[in-house]
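In order, the protein sequence lines correspond to chains W and F.
If you're matching positions, the first sequence starts at 1 in my numbering and goes up one per residue.
If you're matching positions, the second sequence starts at 1 in my numbering and goes up one per residue.
Bear in mind the hints are in silico, worked out from the structure with no lab data behind them.
Accuracy of the hints is not assured; some may be wrong.
Distance condition first, Cα-Cα at most 27 Å in a straight line; then the derived DSS-like pairs of lysine-lysine [stated by the list, open to error]:
(1) Lys57/W to Lys185/F
(2) Lys117/W to Lys187/F
(3) Lys76/W to Lys31/W
(4) Lys122/F to Lys50/F
(5) Lys10/F to Lys119/F
(6) Lys57/W to Lys6/W
(7) Lys157/W to Lys50/F
(8) Lys119/F to Lys76/W
(9) Lys50/F to Lys117/W
(10) Lys185/F to Lys76/W
(11) Lys31/W to Lys10/F
(12) Lys119/F to Lys117/W
(13) Lys76/W to Lys10/F
(14) Lys150/W to Lys50/F
(15) Lys150/W to Lys187/F
(16) Lys187/F to Lys76/W
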Amino acid sequence: MNPTDKEQFLSLVRENQGIIYKICNSYCLNKDDREDLAQEIIYQLWKSAAGFNPGYKFSTWMYRVALNVAISHYRKQQKRQNISIPEKERKDIPEFPEEADKEENLKQLELFINELKELDRALMLLYLESKSYSEIAEIVGISETNVATKLSRIKEKLRLRFQNLQHNGTTYR
Amino acid sequence: MEQPIDNLLKDYKNQKQDTWIMNVMNLNMQLLEERQTKKAKSRLNKLAVKKVFMIILGIAWALFLAALAFFGSFVNLFFGISMAAIAVINIIVVALYIQHVVLILRINYSNSIVETQQKLSKLQLSTLTMTRIVFLQSPFWTTFFWQPDMAFFSDWRFFLIGLPIALLLTFTSVWMFRNVNIGNKDKKWFGWLFRGAAWSPIVEAQEFMQELADFKNE
Numbered sequence: 001m002n003p004t005d006k007e008q009f010l011s012l013v014r015e016n017q018g019i020i021y022k023i024c025n026s027y028c029l030n031k032d033d034r035e036d037l038a039q040e041i042i043y044q045l046w047k048s049a050a051g052f053n054p055g056y057k058f059s060t061w062m063y064r065v066a067l068n069v070a071i072s073h074y075r076k077q078q079k080r081q082n083i084s085i086p087e088k089e090r091k092d093i094p095e096f097p098e099e100a101d102k103e104e105n106l107k108q109l110e111l112f113i114n115e116l117k118e119l120d121r122a123l124m125l126l127y128l129e130s131k132s133y134s135e136i137a138e139i140v141g142i143s144e145t146n147v148a149t150k151l152s153r154i155k156e157k158l159r160l161r162f163q164n165l166q167h168n169g170t171t172y173r
Numbered sequence: 001m002e003q004p005i006d007n008l009l010k011d012y013k014n015q016k017q018d019t020w021i022m023n024v025m026n027l028n029m030q031l032l033e034e035r036q037t038k039k040a041k042s043r044l045n046k047l048a049v050k051k052v053f054m055i056i057l058g059i060a061w062a063l064f065l066a067a068l069a070f071f072g073s074f075v076n077l078f079f080g081i082s083m084a085a086i087a088v089i090n091i092i093v094v095a096l097y098i099q100h101v102v103l104i105l106r107i108n109y110s111n112s113i114v115e116t117q118q119k120l121s122k123l124q125l126s127t128l129t130m131t132r133i134v135f136l137q138s139p140f141w142t143t144f145f146w147q148p149d150m151a152f153f154s155d156w157r158f159f160l161i162g163l164p165i166a167l168l169l170t171f172t173s174v175w176m177f178r179n180v181n182i183g184n185k186d187k188k189w190f191g192w193l194f195r196g197a198a199w200s201p202i203v204e205a206q207e208f209m210q211e212l213a214d215f216k217n218e
């Protein structure tokens, strides 16, 4: 595996395009921004490829670079204003879980994840990719225990938000 | 039994991708490089160029002040001491600029998220640190013309104007140096001093630094 070779690099990136896709979706609201961020991520990956340590998994390294670029891009673009759910989208969201439509719940979950702070969102993305705690710790730069504690808090936060939806019916908050 | 949120997270993970990612993936590498190189010439690189320019200017200014201090001290001790103090503060600022250029060059997106984001925020915060240090030189700009003779110090203008201004600036600069920090970001005076578009990214960077530290240590 030699990511400094253009063809090999592109093929590795294509194999792992899901990483870029999920990160861009999570840190950008509109399609144009997402494409811009995806291009920026690929470019930074290419620039950093020379420093790729073959001892690492390509995907771990890719997550580090992509999340760093996405968080910096997000902070620049959004100036740390919390993304709020438009009122229109907040209405008509079915109750969770039994009678809820799965697609709607997934949309709602995506909105809740996108409302998390940048670093918590990164943790959640890695968790959703079934990364081990040790790999998450390595990518983010915190201890494994810290990863476990934070993930459990985030999941609890998400669960409570759905519970609020259920209790308040279609009116959010 | 699994909780519903876990099931939902599993479904979320297995969602299909939209087509927009294919547009990006279909770009050829050369086109992508050309587009991004144009962009990259701005941002960090621009920042590094600006800082290198400031370093050259700062060194020239500090050398000029040092020469003034050296030759001026033969004529007037106050002038010599004041210029020397200003030169030392400027040398500290230049040293900080050099440190920042090194920091810019060492930013590596392959490092962990916490480490990289801390370095980037530290860079943004450098403007605030510079302001604190640069302001320390202000009292010396009010003392360089003092004369080492009794007539000057017994003059009413020294007691009513010169000395109070020097004391006021000394107090203010030391106070600012000690108090301009994240702990005071919610104080009224802080908001008043550092309001506006130019300062908001710096205040935000301070908050993010704090967030990163909490995130790491919790």
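A quick look at each hint next to the structure:
1. For the hint linking lysine 57/W to lysine 185/F, the alpha-carbon distance of about 41 Å lies beyond 27 Å, and the restraint is violated.
2. In summary, the hint linking lysine 117/W to lysine 187/F is supported, as the alpha carbons are separated by about 24 Å, within the 27 Å threshold.
3. A distance of roughly 17 Å separates the Cα atoms of lysine 76/W and lysine 31/W; the hinted pair therefore holds under the 27 Å criterion.
4. A hinted pair counts as satisfied when its Cα atoms are at most 27 Å apart, and lysine 122/F with lysine 50/F qualifies at roughly 17 Å.
5. Pair hint lysine 10/F plus lysine 119/F does not hold up; C-alpha atoms about 34 Å apart against a cutoff of 27 Å.
6. Proximity of lysine 57/W to lysine 6/W is assessed by CA-CA distance (about 18 Å); at most 27 Å being required, the pair is judged to hold.
7. For the suggested pair lysine 157/W and lysine 50/F, the alpha carbons sit about 44 Å apart, so the restraint of at most 27 Å is broken.
8. Among the hinted pairs, lysine 119/F with lysine 76/W is consistent with the structure: their alpha-carbon atoms are about 15 Å apart, no more than 27 Å.
9. Under the criterion of a C-alpha separation no larger than 27 Å, the hint pairing lysine 50/F with lysine 117/W is inconsistent with the structure, at around 32 Å.
10. Simply put, lysine 185/F and lysine 76/W have alpha-carbon atoms about 20 Å apart, close enough for the 27 Å limit, and the pair holds.
11. For a cut-off of 27 Å, the pair hint linking lysine 31/W to lysine 10/F stands: about 24 Å separates their Cα positions.
12. Of the pairs offered as hints, the one joining lysine 119/F and lysine 117/W holds, with about 19 Å between alpha carbons and a cut-off of 27 Å not exceeded.
13. The hinted pair formed by lysine 76/W and lysine 10/F fails the criterion: a straight-line CA distance of about 31 Å is larger than 27 Å.
14. With a C-alpha separation of about 39 Å, the suggested pair lysine 150/W and lysine 50/F falls outside the 27 Å cut-off, and the hint is violated.
15. For the suggested pair lysine 150/W and lysine 187/F, the alpha carbons sit about 30 Å apart, so the restraint of at most 27 Å is broken.
16. Between the alpha carbons of lysine 187/F and lysine 76/W the distance comes to roughly 25 Å, so the proposed pair stays at or under 27 Å and holds.
The structure fails to meet hints 1, 5, 7, 9, 13, 14, 15 from the earlier list, while all remaining hints are met.
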